[in-house]
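Since the structure of chain A is already known, use the hints to place chain B on it.
Protein chains: 2
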Amino acid sequence: MSFDVLQDKIRAMKNPTVFGLDPRLEQIPPHILAQAFESHGETLSGAAQALLEFNKGLIDALCDIVPAVKPQAAYYERLGWRGMEVLERTITYAKGKGMFTIADIKRGDIGTTAQAYSDGWLGGVQVGKQICKTFDADCVTLNGYMGSDSINPFLDTCRAEDKCVFVLVKTSNPSSGDLQDLVAGDRVVYTVMGDLTQRLGKGTEGKYGFTCAGAVVGATYPSDLRQLRRRLEQTFFLVPGYGAQGGTAEDVQYAFNKYGHGAIINASRSIMCAWQKTGGDGTDYRQAARDAAIAMREEIKQFVTVV
Amino acid sequence: MSFDVLQDKIRAMKNPTVFGLDPRLEQIPPHILAQAFESHGETLSGAAQALLEFNKGLIDALCDIVPAVKPQAAYYERLGWRGMEVLERTITYAKGKGMFTIADIKRGDIGTTAQAYSDGWLGGVQVGKQICKTFDADCVTLNGYMGSDSINPFLDTCRAEDKCVFVLVKTSNPSSGDLQDLVAGDRVVYTVMGDLTQRLGKGTEGKYGFTCAGAVVGATYPSDLRQLRRRLEQTFFLVPGYGAQGGTAEDVQYAFNKYGHGAIINASRSIMCAWQKTGGDGTDYRQAARDAAIAMREEIKQFVTVV
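Protein chains in written order, with our numbering: chain A, 41 to 347; chain B, 41 to 347.
Please keep in mind that the hints were generated in silico from the structure rather than gathered at the bench.
Covered by chain A, according to a simulated footprint, are these stretches of chain B (three or more residues, beta-carbon under 8 angstroms): (1) 59 to 68; (2) 75 to 85; (3) 146 to 156.
With a straight-line cut-off of 30 angstroms between C-alpha atoms, the simulated DSS-like cross-links for lysine-lysine are: (4) Lys96/A x Lys173/B; (5) Lys137/A x Lys173/A; (6) Lys96/B x Lys173/A; (7) Lys317/A x Lys169/B; (8) Lys49/B x Lys247/B; (9) Lys169/A x Lys96/B; (10) Lys341/B x Lys317/B.
Here are the in silico distance ranges between beta carbons for each label pair: (11) Lys317/B x Arg270/A: 48 to 58 angstroms; (12) Thr152/A x Gln327/B: 24 to 34 angstroms; (13) Gly243/B x Asn297/A: 39 to 49 angstroms; (14) Thr318/B x Asn297/A: 51 to 61 angstroms; (15) Ser79/A x Thr288/B: 51 to 61 angstroms; (16) Glu245/A x Phe343/B: 44 to 54 angstroms; (17) Arg271/B x Gln316/A: 45 to 55 angstroms; (18) Thr323/B x Gln316/A: 53 to 63 angstroms.
The structure displayed is predicted, hence computed values, not measured ones.
We put the CB at the ideal spot given by N, CA and C, even for glycine.
One chain only, chain A, in its complex shape (with noise of 0.2 angstroms):
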């Protein structure tokens, strides 16, 4: 099962790190922004081209020390069609370089809707004879507020293609408490949607023992990481909320196993706009995103152990 392969990555590159795309049109150096807007016009168009070009970029950089690349979509709709069509591209660039994809949408409905998000993000859509397929990433995330209904459709793609997800339990925001600290007996909302999510991923156990259906756990709240990590022994973790969010690598030691495994940290903005803080133009923005890439590796290596 799919987190084979992403735990199979994690391994080869003993970095167990993802990186987030989510661009928005200040973080592109000038340099990009300046080429696409004279080639397109300052439009949707241009500003869908610089996006495109500086992931592109990113990714160059950074495939072959970090294993997972991770899209968040609302960066790409923010631009309309021409973004989706930017986030398509990056998913296939990824993925052709190498990396494990992960299309951040968070998305949460049900029945044969559920199936329809899951057929363009995940699995393919039958279009007179052939299948036709379009966002194709490796893995999603998901809201289950709805419940079953919104996870088992995508869990259904999962067995047939391969594939996984990532649903959203603890999440690492100020305000995540509102609804998912709530006390309900003995447990909490976020621990309901825990054991939910392990028990509709049951009988999908890859090699290290993990199911298909994975959590989104902040790395802000480490004492509900480390809670979750003891009761969710079947569960792989999404980690944020690292770096400019306020969580540290001792933090997120509690995300994985004793083997070093069942987790990936993400960073975004200190990877992505690493450029801005190096005094450059922006020309730099490749050398100074794997500089902190390697940066976070670095000071993840020094309390967690990938065997």
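Frame of chain A; chain B shown alone:
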């Protein structure tokens, strides 16, 4: 504020319903598919073209009797960026025909990411010196599992652009209770979400007394619907689950206040696929949809009088 616009349209047409545009290819009449495939081949472009033609026909047939349309993003994303282009064009077309447009996206993310979604779906995006509009719907649906951080950025856009949102509170699907019905102290999770929604919208009440933060409350749990209507007096309801999912006109009456205000009832398949029940070849799909929409309006009229 923007629910005023919707309530005005509902009053003018004496019809508190919205039709969902959730088309799968097998629900599109054969003559439309054949023509699109003839022009574009059996490709994603062909499928997208068929979707757009079908949607335009339905909008033409319904725009003078149904006040609002709700395209479900999943069925467009399923076709990749070509589908998203159709979704943009469908929204533009429906607005051109005077319809209120609700993009059923159920997005839920935080901070700048929520802002990016909000820019794309409701506001606009700054490219160079200009603001570009992309999806530009009147209203979107949201998932608040991540808490107020995932709702507030949209409300900022609503205030600036006179738009509105519906937050998932109690959904119509069988497994909605997995999370939403958990008992937390003297409330259940869905009432916590409902209370949060109404509280975040405070200060945006329009002439009918509703804030710009509405709620999704399903028709399939009528006692919950009734209780939420009493609890959330300032909250406009979007009510799915009518028809195919089992909700009846008698059930949905509880969504309205004493003036027959404050709710809109969705039907998708029963209108969109009405042609499949006429025994015809689908060339009559417009008339079949119109007949179904009128029948629904009349059913609801037996229980609800819009003042």
